[in-house]
Amino acid sequence: MARKKSKTSRSTPRRSAEPRSAAPRGDYQLVIVESPAKAKTIEKYLGPGFVVKASIGHIRDLPSRAPKGSKQPVPGVDIDHDFAPTYEIDPDKMKTVAELRRLAKGAHDIWFATDLDREGEAIAWHLTQVLDVDPARAKRVTFDAITKSEVQRAFQSPREINMPRVEAQQARRIVDRIVGYQVSPILWKKVAGGLSAGRVQSVATRIVVEREQEIRDFTPAESWEITGALSFEPAKAAALHAEWTAFMARRDDRGRPPLVRDRMAWLTDHKALSCDLIEVGGRPVKIEADKHSTADLAVDAKAAAAAAGLLDVTDDRVTDPEGKGRGRNIVRLTGRPDPAARYTVESIDVTRTRSRPYPPFITSTLQQAASSRLGMSTDRTMRIAQQLYEGIDLPDEGRVGLITYMRTDSTNLSREAIEMARGYLEKRHGATYVPDKPRVYTSSNESAQEAHEAIRPTDAFREPNGIAAALSDEQFKLYRLIWESFVACQSTDAEWDSTSVRIRRSDRDTGAVFKAHGRVLRFDGFYKISGTPRDDGDQVLPNFEKGAVLAPFDIEPRQKFQAPPPRYTEATLVKKMEEEGIGRPSTYASIINVIENRGYVVQQDRRFHATAIGEAVTGFLKRGFQDQFIEIGYTREIERELDQVAQGSKPWTEMLHEFHDELSPKLEHALQEPHEKAKADPSPYACPQCGRQLEFRLGNKGEFLSCSGYNEKMPDPEALAKAAAKPAPKKGGKARKPAKIKEVPVCTFAMPVDRQRRPLLPEQIDLLSPAGVPMVKRTGRFGDFLVEDKPRPPKPKGRKAAEAPAEPLPFILNLDKKGNIKFPSPPPLVTDIACPRCGDVMNLRDGKRGPWLGCRAFPKCRGREAFGKLADTKRAELEKQLAAHMAKQTRLSLTRRDGMTPVPEGTPLGNLTIDGGVAELQPFPG
581 MARKKSKTSR STPRRSAEPR SAAPRGDYQL VIVESPAKAK TIEKYLGPGF VVKASIGHIR
641 DLPSRAPKGS KQPVPGVDID HDFAPTYEID PDKMKTVAEL RRLAKGAHDI WFATDLDREG
701 EAIAWHLTQV LDVDPARAKR VTFDAITKSE VQRAFQSPRE INMPRVEAQQ ARRIVDRIVG
761 YQVSPILWKK VAGGLSAGRV QSVATRIVVE REQEIRDFTP AESWEITGAL SFEPAKAAAL
821 HAEWTAFMAR RDDRGRPPLV RDRMAWLTDH KALSCDLIEV GGRPVKIEAD KHSTADLAVD
881 AKAAAAAAGL LDVTDDRVTD PEGKGRGRNI VRLTGRPDPA ARYTVESIDV TRTRSRPYPP
941 FITSTLQQAA SSRLGMSTDR TMRIAQQLYE GIDLPDEGRV GLITYMRTDS TNLSREAIEM
1001 ARGYLEKRHG ATYVPDKPRV YTSSNESAQE AHEAIRPTDA FREPNGIAAA LSDEQFKLYR
1061 LIWESFVACQ STDAEWDSTS VRIRRSDRDT GAVFKAHGRV LRFDGFYKIS GTPRDDGDQV
1121 LPNFEKGAVL APFDIEPRQK FQAPPPRYTE ATLVKKMEEE GIGRPSTYAS IINVIENRGY
1181 VVQQDRRFHA TAIGEAVTGF LKRGFQDQFI EIGYTREIER ELDQVAQGSK PWTEMLHEFH
1241 DELSPKLEHA LQEPHEKAKA DPSPYACPQC GRQLEFRLGN KGEFLSCSGY NEKMPDPEAL
1301 AKAAAKPAPK KGGKARKPAK IKEVPVCTFA MPVDRQRRPL LPEQIDLLSP AGVPMVKRTG
1361 RFGDFLVEDK PRPPKPKGRK AAEAPAEPLP FILNLDKKGN IKFPSPPPLV TDIACPRCGD
1421 VMNLRDGKRG PWLGCRAFPK CRGREAFGKL ADTKRAELEK QLAAHMAKQT RLSLTRRDGM
1481 TPVPEGTPLG NLTIDGGVAE LQPFPG
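The numbering used here puts the first residue of the sequence shown at 581, with every later residue one more than the last.
Everything labelled a hint here was simulated from the structure, so no lab data went into it.
Think of the CB as a built atom: it goes at the ideal place given N, C-alpha and C, for glycine as much as any other residue.
Please note that the accuracy of each hint is not assured.
[As the list claims (entries may be wrong)] If you anchor each label on the Cβ, the simulated ranges turn out as follows:
# : residue 1 : residue 2 : range
1 : R1203     : G1363     : 29 to 37 Å
2 : R908      : P1325     : 33 to 41 Å
3 : S764      : T914      : 41 to 49 Å
4 : R1335     : D1420     : 51 to 59 Å
5 : R682      : K1007     : 46 to 54 Å
6 : P1262     : M674      : 56 to 64 Å
7 : D842      : A1011     : 18 to 26 Å
8 : A1451     : Y608      : 42 to 50 Å
9 : N1394     : P975      : 46 to 54 Å
Take these sequences, add in the hints, and give me the full structure.
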């Protein structure tokens, strides 16, 4: 069945229009929201006189293609006429729009209760356009929380559509459309096909790429620290040395030594403490050198360790081939503690410190906390938060919205919310956990909309454990995180006793002084709600007095190198974007999804690594669009201007004209930039086939090694041989024109590389075909697939080709969208039913939704027949035949290369991939 064309309308936000008749036309009122879940919750609070329906998100958008005959460079945007947009109804929303129009005709009133952000405002405006409602007379209602009181309060004071906010959303959409449709084609020409540019995604990619470059260019500084483990029972020091050495030699199942908190616990149990050497001979211990220094710090470290009481100090030196600068020289100092060494406590300082609770969550901080504490992606966090906002069915309460709106950049809390939290704290934990004055949090973000609230539970008395049975595991964890953050933010400070101890060597006058730190929680305050943090560096010090004598049982000099800047996690990338003013709360998750899906970045161990494609795209955009959308400051300024449009202080068309006037000349400039794939970076390796120098080049999937001989051309040897084999013309005959011999590359050697540009051997697939032939991965026009790794004989040509028997096709396995292996479908049952389109017979297959009929001539003919519409007797007959046919089919059985381990359908390809490892190539001379 042909798909209906979507309706298109030229539409600029209008502030007033001829109103629809206000005369009563029905006995119900129509309320339109965005999601069915939200509709279900609101309907419960409004009662029988209301019909609540969902638009299921946006119903209209700019068309993906310009109409036939149109010369619009940006589909749906008439740049020459003040960027007038043309919208079309989403084909998938035709039924929804038809249903809303039908209900609107009979409704007494129409209420627009879409979300309270700009996207929600725009959806409400688009609904007024398709339902023919004047935006100035529309009944627009918004609420931070979907609770009975909030919903009823909103319906008591409706407002009109906020047109500046609609215009801001429209301007953002058009700016993003302009960048996407005018810059992306340049990337296809200059970098690789299938890439995209975006006003925000390109800047987010740049942030990750530049961090990657910082790490690559980083050269560490060197420093040394000397730590000691001292016992308050000197007589046991020798025995403790052996026990401590054995304890530190332990490794867990991941090969890691004891964690810091385990070491602190061991020391506490053995009446000992950990400390740092801070002075020797009256001078501070500062053993460090920057990356440019050539000083041998191990000499100073050895002297300081000896002064602290380490005997027979030796050094073991090795070279790290992967290290840079000072990081190439690894030194390990070892010795034994002097059994006669003694230390005396010189001073004990105890100070009372306070810890304040954090502000309640906004979108970015919720995403950061969920990522670091729950391991949730930003996208998953927002999906679960949306469920909690729209409503959950609770026993004895029905459907209830559990949290306020989750897309906000404001830490503001309503007076009622603050009083609710304080009331909960006093009732559950007593007045000591309630501060004298309510805590008020203000946002440091200038564009934060203080009219919105922070993310909080709708009822502080609805404790997470009390509703756990009604929530999924993820819903419970996220709700608990939000609930604890909100209640804790109104509680009192936590109080600590921080102890600092100076311990001086007393058996010899070397001037060695150690310093120990400890911290003890004296009043938990807001930690009563959020839980006391586990600080691995804290140790609980035993009771002792000034003058106490200790003996060292371990003294360890440790070489340290400055760490490079850390790679971004989802949490820290969101934080960076927020700090730089890039994007908005509603866009953080989608931005991260886009740059991952485009292959510009990949996550390893939950940290972002820039890919070669990401680096190439960023480099090209920085050269071609300098001082434009690729710049962080420029993108921040665009966000500020969009805020001005939303506030009504700047016309949206003026903002778009300024943006486009600055972008247009850059488009021409970018087209003059050289092609990224044409660039070749010389490598240190020689080609194993011809000895020429290998080069780093960029392909569609990233960097690879290619022989420099690929650029050199020579006559095709096969074509030369053919030309030589042709008989000479007969005597006196017409001389033939010399055949044009095509040219081919001198050498076609190529090899993959890893992110460190090391050559890689080919990956192997741990899988055998039914014939016992190893499988290999190949890439075709439809993506990756697996095929038997066996040479195919050359195809015969001419008369021999017609006489030669057909070669059996190699066994092939396709992969599904998730990269899992998919077994071939069994052959269909050929029926006697004629195709309604071409008259050929139909094939019967057993699909996921039951048997179905398709033309045997597919794909030339795409005729289908509904199996359910066949006569009962015919259907029963075919079902019986299909069952017998399927029973005859041999069930496919595959194994790994050992020939024994079975490989079931759906196995992820990653589980079968054997890393080829780093290849050893000869260096290129010179």
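Each hint tested on the structure:
| no. | hint | result |
| --- | --- | --- |
| 1 | R1203 with G1363: 29 to 37 Å | holds, 32 Å |
| 2 | R908 with P1325: 33 to 41 Å | holds, 39 Å |
| 3 | S764 with T914: 41 to 49 Å | violated, 59 Å |
| 4 | R1335 with D1420: 51 to 59 Å | holds, 53 Å |
| 5 | R682 with K1007: 46 to 54 Å | holds, 50 Å |
| 6 | P1262 with M674: 56 to 64 Å | holds, 58 Å |
| 7 | D842 with A1011: 18 to 26 Å | violated, 38 Å |
| 8 | A1451 with Y608: 42 to 50 Å | holds, 44 Å |
| 9 | N1394 with P975: 46 to 54 Å | holds, 47 Å |
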